Amino acid sequence: ADPPSSALDISVATDHLAARSGKSCVAAALPAEVSLAPSSTRGLHHLPGDGLHLRMRLRCPLPPTDLVYTLKESLKPQKSYVFYCQSCGDVIVKDRKFLRVLPLPSENWSALVEEWCCHPNPFAKSTLHPQHDDCFLGDTFFLLNSRDEPHKSKENTRVICKRCKAMLGETVSADTIKYYITEVLIRPSEGSFTQTPRSQFVQRTIAQCLVELSSAKSTFRFTIKGDDGKSYILIWLLNSDTLLVESLGSSSSNSVFTLFGDVFTPSSGPLGTWNAVKVLYQPCIKNRNKDLADAWEDDIGVHPLKFPSETCMELLLVLSMSSISLPPSLRCMNSFQVRNSCD
Numbered sequence: 149a150d151p152p153s154s155a156l157d158i159s160v161a162t163d164h165l166a167a168r169s170g171k172s173c174v175a176a177a178l179p180a181e182v183s184l185a186p187s188s189t190r191g192l193h194h195l196p197g198d199g200l201h202l203r204m205r206l207r208c209p210l211p212p213t214d215l216v217y218t219l220k221e222s223l224k225p226q227k228s229y230v231f232y233c234q235s236c237g238d239v240i241v242k243d244r245k246f247l248r249v250l251p252l253p254s255e256n257w258s259a260l261v262e263e264w265c266c267h268p269n270p271f272a273k274s275t276l277h278p279q280h281d282d283c284f285l286g287d288t289f290f291l292l293n294s295r296d297e298p299h300k301s302k303e304n305t306r307v308i309c310k311r312c313k314a315m316l317g318e319t320v321s322a323d324t325i326k327y328y329i330t331e332v333l334i335r336p337s338e339g340s341f342t343q344t345p346r347s348q349f350v351q352r353t354i355a356q357c358l359v360e361l362s363s364a365k366s367t368f369r370f371t372i373k374g375d376d377g378k379s380y381i382l383i384w385l386l387n388s389d390t391l392l393v394e395s396l397g398s399s400s401s402n403s404v405f406t407l408f409g410d411v412f413t414p415s416s417g418p419l420g421t422w423n424a425v426k427v428l429y430q431p432c433i434k435n436r437n438k439d440l441a442d443a444w445e446d447d448i449g450v451h452p453l454k455f456p457s458e459t460c461m462e463l464l465l466v467l468s469m470s471s472i473s474l475p476p477s478l479r480c481m482n483s484f485q486v487r488n489s490c491d
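Numbers in the working numbering are just positions in the sequence shown, counted from 1, shifted up by 148.
It should be emphasised that the hints constitute simulated quantities derived from the structure, not laboratory data.
Just so it is clear, the structure is predicted and the values come from calculations on it, not from any experiment.
Backbone N, C-alpha and C define an ideal beta-carbon position, used for all residues, glycine too.
Be a bit skeptical, because a hint or two may be false.
What the hints assert, rightly or not - As a list, the in silico DSSO-like pairs of lysine-lysine whose alpha-carbon atoms are at most 27 Å apart:
#1 LYS224 x LYS454
#2 LYS365 x LYS313
#3 LYS438 x LYS378
#4 LYS365 x LYS434
#5 LYS242 x LYS310
#6 LYS242 x LYS171
#7 LYS227 x LYS245
As the list claims (entries may be wrong) - Label-pair restraints from in silico Cβ distances:
#8 ALA166 x LEU440: 36 to 46 Å
#9 GLU221 x ARG190: 32 to 42 Å
#10 ASP389 x THR344: 56 to 66 Å
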């Protein structure tokens with residue numbers, strides 16, 4: 149907002165921030181677990197169209213590490229699980245118990261073998277297919293034996309939900325189905341299905357995937373690809389330790405989808421707090437940023453992630469709406485658009 153005509157007084161304490169102009173005062177009290185460092189305050193200035201900018205340091209305890217959900221940690225051998233369609237809650241796989249839950253190698257493992265071997269690739273014609281009691285985990289999907297599954301589409305290789313017709317995955321072979329982690333909710337058999345807003349689930353799942361891969365493989369650039377083979381988004385992960393504190397009265401999170409909103413719920417009171425990941429992104433639909441997308445395609449430091457095309461468009465919409473919620477001066481960095489995603 150534009151500054152008032154009278155003088156504006158900004159006061160900073162460890163537990164609140166206040167702005168006074170004449171007889172009016174606007175104050176924001178921080179949640180109990182968050183405090184400010186008043187001595188770190190700097191950079192107070194006004195930008196037309198943005199309003200007042202102020203930088204300061206926040207202090208807060210580190211979030212518990214066990215709050216970060218990963219598929220590899222949630223699925224255990226010898227335990228029974230139910231698989232639900234995330235969109236409508238229909239049961240896809242009921243009471244399945246696995247003897248083995250195994251991580252798959254990188255999707256490019258076969259090409260790497262060719263570089264390692266001085267003779268023809270011995271695995272060129274081999275594929276990794278799970279048996280009935282197996283679950284194989286990839287970066288963005290898991291493989292199940294499809295012996296008794298009724299969800300395979302007869303028209304093509306897509307696997308669809310029989311109730312809401314959402315795409316769940318695709319057939320890999322006559323007895324193997326690939327389910328995408330953004331489309332299926334997995335719960336222990338003794339548990340129950342709890343509906344999570346679609347946008348929150350997509351953001352949470354993809355963000356966790358980015359954080360996990362960046363930690364495991366030191367990869368920070370990702371290409372989001374659809375099941376149609378097209379590139380939809382280029383994402384550059386900046387950090388995963390940002391704390392986002394915002395007023396719930398005018399919060400962008402009320403109208404824009406907030407990542408991990410169902411796990412890290414905002415604190416009660418005038419402010420909400422979220423642990424956030426910060427990403428830069430560029431859309432690639434309709435040949436936008438084609439040269440950059442082609443360069444990333446050939447860069448071995450960029451990790452491709454494949455999701456259903458509809459999910460890629462959902463993610464792009466969320467990213468775009470989040471960028472719009474930022475002040476204009478903070479929406480871009482080095483030609484990339486900025487997105488603060490709460491985890």
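Consistency of the hints with the structure:
no. : hint                        : verdict
1   : LYS224 x LYS454             : holds (24 Å)
2   : LYS365 x LYS313             : violated (35 Å)
3   : LYS438 x LYS378             : holds (11 Å)
4   : LYS365 x LYS434             : violated (30 Å)
5   : LYS242 x LYS310             : holds (15 Å)
6   : LYS242 x LYS171             : violated (63 Å)
7   : LYS227 x LYS245             : holds (5 Å)
8   : ALA166 x LEU440: 36 to 46 Å : holds (44 Å)
9   : GLU221 x ARG190: 32 to 42 Å : holds (41 Å)
10  : ASP389 x THR344: 56 to 66 Å : violated (24 Å)
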